[in-house]
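S.K.: Can you join these two chains into the complex? Each is in its own frame, and there are hints to help.
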Amino acid sequence: MLRRSVTIFILYLLLMILMAVSCQMGYMKIPLQDVVLIIMQHIGLHDNAHVDPASAAVVMEIRLPRIIGAAMVGGALAVSGTVFQALLLNPLADPYTLGISSGAAFGACIAIVLTLLGIAMPQVVSIPVLAFAGAMASLFAVMTLAYNTALGGMRKFSSTNLILSGVIISAILSAAIGFMKFLADEQVGAIIFWLMGSFSSMDWSQTVMISAVSAPLLLLISCYGQDLNIIATGEKNARGMGVNVSMVRVLLLSLCSLWTAMAVSISGIIGFVGLIVPHLLRYTFGPDNRFLLSAAFPAGAMLLLCADTLTRAVLPAEVPIGVLTALIGGPFFCLIFKRYQSARQI
Amino acid sequence: MWQVSNISFSYQPSSDRPGTWKIDDMVLSIPEGQFAGILGPNGSGKTTLLDIMAGLITPDCGTVKLDNRPINSYRPKELARTVALVPQDFNIRFDFTVRQVVEMGRYPYLGRFQDMGADDINTIKQVMKELDIQRFAERPVTALSGGERQRVAVARALAQTTKALILDEATSSLDIQHSLSIMDIIRQKVKQEGLTAVASIHDINLAAQYCDILIFLKNGDLMAMGNVDDLMEESLLSQLFDMEVDIHFDSFLNRKQASFRLPGTF
Chain A
1 MLRRSVTIFI
11 LYLLLMILMA
21 VSCQMGYMKI
31 PLQDVVLIIM
41 QHIGLHDNAH
51 VDPASAAVVM
61 EIRLPRIIGA
71 AMVGGALAVS
81 GTVFQALLLN
91 PLADPYTLGI
101 SSGAAFGACI
111 AIVLTLLGIA
121 MPQVVSIPVL
131 AFAGAMASLF
141 AVMTLAYNTA
151 LGGMRKFSST
161 NLILSGVIIS
171 AILSAAIGFM
181 KFLADEQVGA
191 IIFWLMGSFS
201 SMDWSQTVMI
211 SAVSAPLLLL
221 ISCYGQDLNI
231 IATGEKNARG
241 MGVNVSMVRV
251 LLLSLCSLWT
261 AMAVSISGII
271 GFVGLIVPHL
281 LRYTFGPDNR
291 FLLSAAFPAG
301 AMLLLCADTL
311 TRAVLPAEVP
321 IGVLTALIGG
331 PFFCLIFKRY
341 QSARQI
Chain B
347 MWQVSNISFS
357 YQPSSDRPGT
367 WKIDDMVLSI
377 PEGQFAGILG
387 PNGSGKTTLL
397 DIMAGLITPD
407 CGTVKLDNRP
417 INSYRPKELA
427 RTVALVPQDF
437 NIRFDFTVRQ
447 VVEMGRYPYL
457 GRFQDMGADD
467 INTIKQVMKE
477 LDIQRFAERP
487 VTALSGGERQ
497 RVAVARALAQ
507 TTKALILDEA
517 TSSLDIQHSL
527 SIMDIIRQKV
537 KQEGLTAVAS
547 IHDINLAAQY
557 CDILIFLKNG
567 DLMAMGNVDD
577 LMEESLLSQL
587 FDMEVDIHFD
597 SFLNRKQASF
607 RLPGTF
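Going down the list, the sequences are from chains A and B.
Per our numbering, the very first residue in the first sequence carries number 1; after that it's consecutive.
Per our numbering, the very first residue in the second sequence carries number 347; after that it's consecutive.
Mixed in with the good hints, there may be bad ones.
[Stated by the list, open to error] 27 Å max Cα-Cα, derived BS3-like pairs, lysine-lysine:
#1 B:411 to B:602
#2 B:475 to B:509
#3 B:471 to A:236
#4 A:236 to B:423
#5 B:509 to B:537
#6 A:236 to B:411
#7 A:236 to B:564
#8 B:423 to B:535
#9 B:475 to B:537
#10 A:236 to B:475
#11 B:602 to B:535
#12 B:509 to B:411
#13 B:423 to B:475
#14 B:535 to A:236
#15 B:564 to B:411
#16 B:509 to A:236
No lab work stands behind these hints, which were simulated from the structure alone.
Excised from the complex, chain B in its bound form (with noise of 0.2 Å):
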């Protein structure tokens, strides 16, 4: 789904921050119909990275496909009927209901004087009932606590319909329950509909748990990207994370977990 080829990304020094890279010359692809998990410590350029690869900022050189076509060359509808994003958080300012939220999903497929057709309305009720938000569909998304409001942007997201879905830190802010269950309906997209999804995880056993490929960032650089079996390695994941760390197969989860813990403590 994704080919990105040497991308270097810096932002513009300022008098009170360097240029520094944010990335550096990095190249990876992401194949279609695959769950991809981007993990790293704070400041690895994970957000960057995703911003990159969902066409909103241009990288100073190299070049990002996006189902075989550069990201440049789609336009702004265009590209947003090809891939959604869910931000980190949904902070809405004005107190649109929940279903008018959802709606604005379907703008990318909605000429200017055009309004909702069938075929739109069902959408936007399908998702609503996946996300299990109709209940509360005419309340205003200011009035929802974490969890609802995040099911929302995912259920937005989700209403363009795209075949490519970016998560950037969607589930950091939730509690257990939650977090379980949107990664659990990304899944599901994945294996059923064929949908090719990248988040950014800061729980590597969250992670390790819904993934299929792994792709580590460490300082705008890529450390390492594979299969979740592979990846799950001790001596990669302390060097991510400077940490100690011990890998143990879950029988619970039936996957391989991780523990870990500064070194010389416990």
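One chain only, chain A, in its complex shape (with noise of 0.2 Å):
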């Protein structure tokens, strides 16, 4: 217990010393210290520093946003990964490959369309609205897709026939986007930027509403985690167990399709996050959900955070970050599917 305890401490502190060497990094370089003495000065540690204002402008106005958007999105989507493969008993269970992702976008994109065609609504409300109505409709007809009437009275979802019906429905809604660029029309270029998923234009507005989100639903998911363990060893046992098997289930799903739509419509669609994160600390901590959900906040901000920085300061231009996290990611998974397959448990 102590042990975990630990190791989830140091992940946080790793987190804070990432984001702050990522906000040195960048077109402007700015010294460690400085960036120390900006931050502090704004809430109120220090009030006599002298630092030069072009950096604490940079710093406040673009660098910490961004960063701070970035690992709320990474820590959302690796932490409704980590649900979504206990409570679906499916190790290729995430966000992305079980299209909810996709929903999300697709609500957006009916945001952006109607403001476009002049129906004004502030997009700042309407975007995260329509994404999560998006997210959780395509939740349920996956779920309804892969449940599998002939396998009894227990409700039962095969672990292949959920991938499936997830690839089914990706497919239907981004077809459903292209046609949605087609209404856009010339002004298609709002939705293509914000679809391939960047942190470019994060404002402190989309950080602070993706903080605020995070942290009632990160409280409140981990209290499930002994009931995540226990619906993963299956349904009738679960609720032999006493757990109230179809109440958390739904609350879980809702919760992290709320999450993962808020995380969409900052960010657009980022892949493979919560499906990485939750198999490596899987791999390296065992199964118990109890200490990955802890865990998986600060580990999934971490690999996002890595990639924008990697995506704004290393790398010659800027890769649209779900591109990246594509081109890493979908390997990892083919290297999962593999393994699970040979270990016959798909």
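M.R.: Here is the structure:
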């Protein structure tokens, strides 16, 4: 128990260090002590610092919202992936492979197109709301499609069926998104730019929104670690042990879809973070969800922050983050698929 | 312990499966401190009956009382503190350790923010000792043999420290030594601690060796129920399994045992 608390503390410490380091990297190099001074000054710990106002503006207005936003989105996707994998007894489940990200993206596209068509709605509200509606609708569609009535009275979702349904729903949704692009006509750039997944236009309003959603969701979801452990041993077992499986399933699936939708609505579709992080953690620390849920947030945050810093400050041109994670995550997915296939667990 | 009155249950008809009665107007009661064995051919409704008795599915009509209370009046955790279930096969996809799996049995006793206390840890320790699984307590369940894994499943159910236990063909996939050792542990718990156990069993001779009461199901109907000695009877068994039966007293086990053959063979 103590060892686990220490591990989680270290993960959060590493995340803090990584954020500070990422702050100093970029087109304009800002020394680490200046970064620390600027942040301390802004939260009122230090008031007579002599730092370049241009550096202060870059750190506070451009880099910090983007860094915090990337970390929050990474954490959200990683925790959601952990929950989906345990809840659906499926090592390949994550918001991306289950089509939930696509659903959220579809909802967000509707919001963008509505604005373009002149049906005025503030996008700060309409994008997250429609993204959530889209995420829930596609989750429902995937579950309905994968639900196999021939398997008896107990609800059973075969792993392969879930992924296949996710692929089918994603394919339909990407066609629908294509149609949206067609509708958007000359202003199609607004959708394309957003869809590829990017943190480059992050501002504080979005960062505050995702942070405000993340904190209570993380706390709430973390309370269900042991429930998830027991559900991961099979639905019949879990019900026999007093777990209210249908309540926990509906609650956690909705919370994670909400969280995914919030993440997607500020960053576009970012795949595979929710798949890789739970696997690496489970491989290293074992399958106990009480630990995984707490560790997944800082670990996912670090992974996505690294990827975003790589594309922002290291690569010669800014590759959209969604493209980068899919390029790295896709082969990883193949690896996991192959491994489980040889263990005949799918 | 259980009073089951006039229950019926059918699966919802669907395109690929017509609606048929799995359980048709069944009445039975199981007294406390007894080991009851449920027998019947495949598809006779054994698992459905056990699922109803465990409160996992609700019958279309009729009532089930557990410990003199309607089973649907229990809250989920309360029910799990009263009756525990050992499933037919215990396949876990994630590699939890044996200890973690047994610890899950304490879930109904713990609040959402509560950690296991000294009592819980003692219970775990004792149950693991009783089933002789403490040797591999830290090994992942996915790496165990079928017999070892089933002992872990029984340990987890016993960690729930319930008055009643349901075993759904818990020994069907095990070799003779592992089957006997699990049946023996259950029988000891029944005799020494007043546990009430209900098990669906394929092997009539295994049931006759360990159970106090037998329950015969055929096509969703209760065909007979009573003490082992009364039910180990040639005409009843031949009717139950549609086979020729010979009952003989086995002085080695001090029990009646049965031999079967298909009509007209041997």
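S.K.: Could you run down the list of hints and mark each one as holding or not?
M.R.: Now the hints, each set against the structure:
1. Straight-line distance between C-alpha atoms of residue 411 (chain B) and residue 602 (chain B) comes to about 32 Å, which puts the hinted pair past the 27 Å bound.
2. Of the pairs offered as hints, the one joining residue 475 (chain B) and residue 509 (chain B) holds, with about 20 Å between alpha carbons and a cut-off of 27 Å not exceeded.
3. Taken as a hint, the residue 471 (chain B) and residue 236 (chain A) pair is honoured in the structure, with Cα atoms around 25 Å apart against an allowance of 27 Å.
4. Distance hint between residue 236 (chain A) and residue 423 (chain B) is fulfilled; the C-alpha atoms sit about 14 Å from each other, no more than 27 Å.
5. Distance restraint check for residue 509 (chain B) and residue 537 (chain B): the Cα-Cα separation of roughly 13 Å lies within the 27 Å cut-off, and the hinted pair is therefore satisfied.
6. At most 27 Å may separate the alpha-carbon atoms for a hinted pair to count; residue 236 (chain A) and residue 411 (chain B) meet this at roughly 21 Å.
7. A distance of roughly 24 Å separates the Cα atoms of residue 236 (chain A) and residue 564 (chain B); the hinted pair therefore holds under the 27 Å criterion.
8. Between residue 423 (chain B) and residue 535 (chain B) the CA atoms are separated by roughly 22 Å; this keeps the pair inside 27 Å, and the hint holds.
9. Under the criterion of a C-alpha separation no larger than 27 Å, the hint pairing residue 475 (chain B) with residue 537 (chain B) is consistent with the structure, at around 19 Å.
10. As the CA atoms of residue 236 (chain A) and residue 475 (chain B) are separated by approximately 26 Å, the hinted pair is consistent with the 27 Å bound.
11. A threshold of 27 Å between alpha carbons decides the hint, and for residue 602 (chain B) with residue 535 (chain B) the separation of about 23 Å falls inside it, so the pair holds.
12. Between residue 509 (chain B) and residue 411 (chain B), the direct Cα distance comes to roughly 14 Å. Compliance with the 27 Å bound is thereby established for this hinted pair.
13. Restraint check for residue 423 (chain B) and residue 475 (chain B): the C-alpha separation of about 25 Å stays at or below 27 Å, so the hint holds.
14. A threshold of 27 Å between alpha carbons decides the hint, and for residue 535 (chain B) with residue 236 (chain A) the separation of about 24 Å falls inside it, so the pair holds.
15. Taking the CA atoms of residue 564 (chain B) and residue 411 (chain B), the gap is about 23 Å. The hint holds against a cut of 27 Å.
16. Restraint check for residue 509 (chain B) and residue 236 (chain A): the C-alpha separation of about 20 Å stays at or below 27 Å, so the hint holds.
The structure fails hint 1 only (numbered hints given earlier).
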